[in-house]
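Asker: Chain residues, written in single-letter form:
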Amino acid sequence: MPHPEVAEPSVVTRRDFVKICTAAAASVGMPAWAGEKMAEKVAKGKKPSVIWLHYQECTGCTESLLRSAAPDLGELILDLVSLDYHETLAAAAGYQLEAALESTMKEQAGKYVLIVEGSIPLKDDGIYCYVGGHKAIDTLKRVADKAAAVIAIGSCASWGGIPSASPNPTGAVGVAQALPGKTVVTLPGCPANPYNLLGTVLQFATFGTLPALDDKGRPKFAYARVIHDDCPRRAHFDNGRFAQAFGDAGHREGWCLYKLGCKGPQTHANCSLLHFCEVPGAWPIGIGHPCIGCTEQGIAFNVPIHQNMPIERPTAPMAYPNVGGAKGEVGAIAAGLGGLVVGVAAGASYVASRKLNVQVQKAEGDQEKKP
Amino acid sequence: MTMTRRGLLKVLGAAAGAAAIAPATAEARAARKSNPDDLGLLFDATLCVGCRACSIGCRDANGMPPDVAMIGGAPYDAPADLNGNAMSVIKLWSTEKETGYLKAQCMHCADPACSSVCMMGALHKGKRGVVQYDVERCVGCRNCQIACPFNVPKFEWAAASPKIIKCELCRHRWEKGKGPACAEVCPRGAVISGSRPELLAEARRRLAATPKAYQGGIYGETQGGGTACLYLSPVGFGPLGLPPLGDQPAPALVESVQHAIYQGAFAPLALLGTFAVVAWKNRHAATAAAAAEEDES
Amino acid sequence: MNAPPRPVHGELFTPFVKFLLVLWGLGTVAGLYRFIMGLGAATSMNDGYPWGIWIAIDVVVGTGLASGGYVLAFLVFILNKGKYHPLVRPALLTSLLGYGVAGVAVAFDLGRYWTMWRIPVSPQHWSSTSVLLEVALCMMAYTTVIFLELSPAWLESLAASQNPERARLAQRWLPRAEKALPFLIAFGLLLPTMHQSSLGGLMMMAGLKLHPLWHTGFLPLYFLFTAFTMGFGVLYFESIFSSVAFKRPLENRLLATLGRYVAGVILAFLALRFVILGVEGKLGLVFSSGRLGFFFWAEVLIFLGAAIIFLRQGALGRPHEQLRAALLAMLGGTLYRVDVFLVAYDPGNGWIYFPSVSEILVTLGLIATETVIYILVVRKFPILAGVTTPRGRDVPAGLTEGAAS
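From first to last, the protein sequence lines stand for chains Y, V and W.
Residue numbering for the first sequence follows my numbering, starting at 1 and increasing by one per position.
Residue numbering for the second sequence follows my numbering, starting at 372 and increasing by one per position.
Residue numbering for the third sequence follows my numbering, starting at 669 and increasing by one per position.
The following block holds chain Y by itself, in its conformation from the complex:
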C-alpha cells in the first residue's frame, strides 16, 4: 500500500496555502504578513518563473533543498514558484527539456529568476563543461542576459568551490566572475543552507527586491556574522575550554573545537542559527566536527580541515586582568649580559687599583734604594 501522503495528491485550499506561505516566510525570518502578501500574489497567478542551471557540481545543493520540510520542495515548486527548468527534477528530458528552457526564456523574458548551481570552467575557451551541446559559459550568458535576478547557490557557483581547488584544471570560477558587471546573489556553502535560497527567492517573489548584500554578493541576513559569533559552543571558547583531540574528555563534553581546526571564527554563515533541514544539531559543529569554512573562498578546499587559524575579530575572554597582575619580563640573556658587564667593571676596577698599588710601591722602593 502506498504511503497516503505521497499517493493522494493534496488539494491545497486557500487557507492551507496562506499557512504554507506564512511558514515559509517564518522559516527565513520574515514576518507573517509577508507570507500573506505572498499568498495574495500567488493567488493572482504571479508565481515567479525559475530557471535552474547545473554546471560543475555534485548536486548536493539540490539534494539538501529536496530535504527541507517547511515548506518542502513539492510545495515550493508547485505552489510558490514555477520551476520551469531544472535538469535533476524535471519530468521531461532531452530535446523536450531544452525546449522548455527556450520557451521559458522567451515567455518570461526579463521576469524569470536564474539560479545557478556549480562552477563555470573558463580555461581553454570553456570546453570542459557542455550541457545539451552548449558550453556552460555560453548558455549561462544567454540565460542570465534576460533574467530578472541571478542567484548562485553553493560554493561552486559562488566562487568556484571544489572544482576551483588548486590546481584548478578547468579554470573554474563562480557565476559572478563569469558574468562581470551583473549583480549576482551568492549563497556559498557546501551545500548552501536551503533556507537562505528560500528567503532570497521569497523576498524577490513577494517584494520584487533582493536582500541587502555584502561586498561578496552574500545576503547580509545570512552571511553578515561569522559562525563563531553565534556558536552554541561559544561559552567554552570564552572560558578557554578546548577539545584537544577527537574523542578526548573535552570533546565528549562538547567543548570548543577551535584547537581541532575549527574555521568558525573566519567563516561567514548562519549555520549556527539555522541548522540544516529542521534536524536539530544537523551541522558540522553540532555533530562534533570543526567547521571547515565551506562558505569561504580561500579557506574551504584550500586550508587543511584540521589546521588551526587565527581569529578574525578577537573578543574578550571570560577572564579579567587583575588590578595588580604581573607585566613585563626579564630576558635571561639580558640578565646574564647585565651581570657580566657589572662583574667585569667591578673586577677591572679592583684589579686596576691592586696593580696600581703594586706598581707605586715598587716605584717607591726603587726610589728609596737609589740614594
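It is worth saying that the hints were derived from the structure and are not from the lab.
Treat the hints with caution; some may be incorrect.
[Stated by the list, open to error] DSSO-like mimics (lysine-lysine), calculated; alpha carbons at most 27 angstroms apart, straight line:
| no. | chain 1 | residue 1 | chain 2 | residue 2 |
| --- | --- | --- | --- | --- |
| 1 | Y | K216 | Y | K123 |
| 2 | Y | K327 | V | K534 |
| 3 | Y | K355 | W | K686 |
| 4 | W | K751 | V | K652 |
[To be verified] Some but not every residue of chain Y turned toward chain W, in silico, with C-beta under 8 angstroms:
| no. | residue |
| --- | --- |
| 5 | G324 |
| 6 | G328 |
| 7 | V330 |
| 8 | G331 |
| 9 | A334 |
| 10 | L337 |
| 11 | G338 |
| 12 | V341 |
| 13 | L356 |
| 14 | N357 |
This one's a predicted model, so the numbers in the text were calculated from it and none came from an experiment.
Idealized CB from N, CA, C, for every residue including glycine.
Please arrange chains V and W on chain Y, whose structure you already have, making use of the hints.
Answerer: Same frame as chain Y, now just chains V and W:
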C-alpha cells in the same frame, strides 16, 4: 692662594642672597581647581558586572583594533592593562570576601601631572576639562607616563610613529551630541557621564541612600587635587588599586619647588652674575700676578 | 710648575681601542635594530617603566659623571684653586663627550625622535612648568658652552697649523675666546647647577610611585650633591687613567689635598639625607623597606667608604687609594641616581623592568664611542698637560699591559 677663603665667602654670600630673593618673589604654586562644566565619569563598583560593553564601546567609538593576546593557545582581545590599543579596560579586584570589577581609564585630573611635565604642551587641558593630546607637539619622551599617578597615558611601543594613547572622553563625538561611549553603552549604569558637580551630587545621593553599600566615600573628590572621573566602592579604594593620593596635586609640589628656584629667573641670574664677577676677578688677579712675576724675573 | 697642554700623539689602534670598536659595532647593530624594529621590539621598556637605562644610565648617570668639568671649573675659577688648572681641559673634554652621549641616547630613546629639533626652536610652545624642558634646553646650551670653553684647545692646534689662513684665523680668535672665558665659565657653572638639580626634580612628579626613602622635595639638591661627588670621582679617575694610558706622570700629589673637600661634600650629603629623612618622619623606613632598604644602605655605605678613603689618602696621595675612593664616589652617585630612576621607582600594577640586550649593547656602545673619541682627541689636540715631576714618579711600567690604550 689667599683668594681661596675670600672667593668662597663671596660665592656663599651670593648664593645666600639669591636664595633669600627667591622665596620672597615666588609664591607656592596653588593647586588648580576643576570647573563646574568639567566633563567626567562616575563609576560605581557595586553595579559593574564585568560585561566589558564599555571596553568594546570605547573600541568602536575610537576605531581601535582589538588588543590580541594568546591565552591557552587561542587569540583573545585581552589587554592586560590600559595600553596603546586600549583606553578603557575592566579589571578584576578581590578581597577575601568579595570580588568585583574596576573600570580603568584616564581620570582627567583637575591639575594633571602629565600636562605639567609635558615639554611643549602635547598633553593639555582642553574644553570641559578634558586632558587631551596633540601629537604635533609630542616628541615621545614619555615623561607623562612617569608623572601620571594612575599610570594612564600609554605609548604605542610597536608603532613606527608612536603616539601617546589615552581616553579623551570621546570628545570627537561631542559635536554629534554624544558623550563618552563607555557610559552610553553600559547596561547597568555602572558608569555614567556628566558634569563633575552633577556626578558628585549623584554619588552623594547614592551614598546617602544606601550608606552601607559603600566604603571610603567618593574617590576623586579630593584625591590628587580632584579628578573628573569619580569612583564608588563597596570595599574602599585600596583593593581597587587606586593610589592613596593626598589632596595636593603633584604639580603643586613640584612647580612650587621649581618656581622657588626659577621664579622670574632671579636666582639663576644672580648666580650667573656672581659667577661671572668672581671668575673675572680671579682671572684678572692671576694674570696680574703672572705679569708681576715676569717683571721680577 | 706645570707645562702647557700638548697633544699626546702615539699609536691609535691599540688592542684596547680595537676592543672598544667591537663594542661600538655591537652597539651600532643594536641601535639600528631599535630604529628599524621600534622601541617595543628592541627594549624592555614598557608602559610601567617608560624610562629604561638609556635615560637612567646614559643621560642621568652619564651627565652626572660628566660633571667633572663643572666641579673643576668651580674649583679653579671660583674658589681660585689655580693649581688644578692642568686638569681643566681633560675634564671639560669628558664633560663634552658625556653630554654628547646623553644627547645621542636621548635620540635613541625618544619615540618621535625626528621631531627632536622642534624643542629648541619652538619657544611659543614651551611649557614653563616642564622640568624636562628645562633639563633639555639647559643641556643643549651647556653642551655648546663646553664646546666654546674648549675653543682655546682647538684654536691653539689651529694656530699651529701649516695653513697660514687657518693660523691667522686662530690668531685672531684666540684672544677673544680668552676674553670671553669668564662669561663662558659663569654660564658653564650656572647651567649644570640648574639641570643637574632638575634631573632630581624630574622624579619629584612621580609621587607615590617613587619609594618614600628617595622621594622628597630635596631631590634637586641631592642630585646637585651627587653631581659633585661623581664629578670629583671622575676627576681622579681620569687623571689616573690618562697617566696610565698615555704614560704620563701621575697627578696624585696634586689631587691629594682635594680629597678633604670631596669627603666633606659626601659627608654633608649623607648627613643632610638623614636629617631630612628625620624631619620628614621617614627614618623608620630605613630599616623596614626590605629589598629597597638594602639599596639605600648600599648607597650610604659606598659613599661612606669613599669619604673615608678620600680622607685617609690625603697625606700620602697613594694613587690606588685615590682610584678606589674615586670609583666608590662615582659608584655611590651612580647607584643613587639609578635607584631614583629605576630601582626605587615602582609604578605598581605588577610592572617590572630589566634592560634588554639591545639596551645594554647600545649603552656599552655609547660608552665605548665616548672613550675612543677621548683617546683620539687627546692624541691630536692639546688637552693633557705634561706635568713635570721627578723621574721616579713616572708611569708605573707594566701597568699599561692591562688597561692601557
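Asker: Could you tell me which of the hints above the structure violates, numbers in ascending order?
Answerer: none
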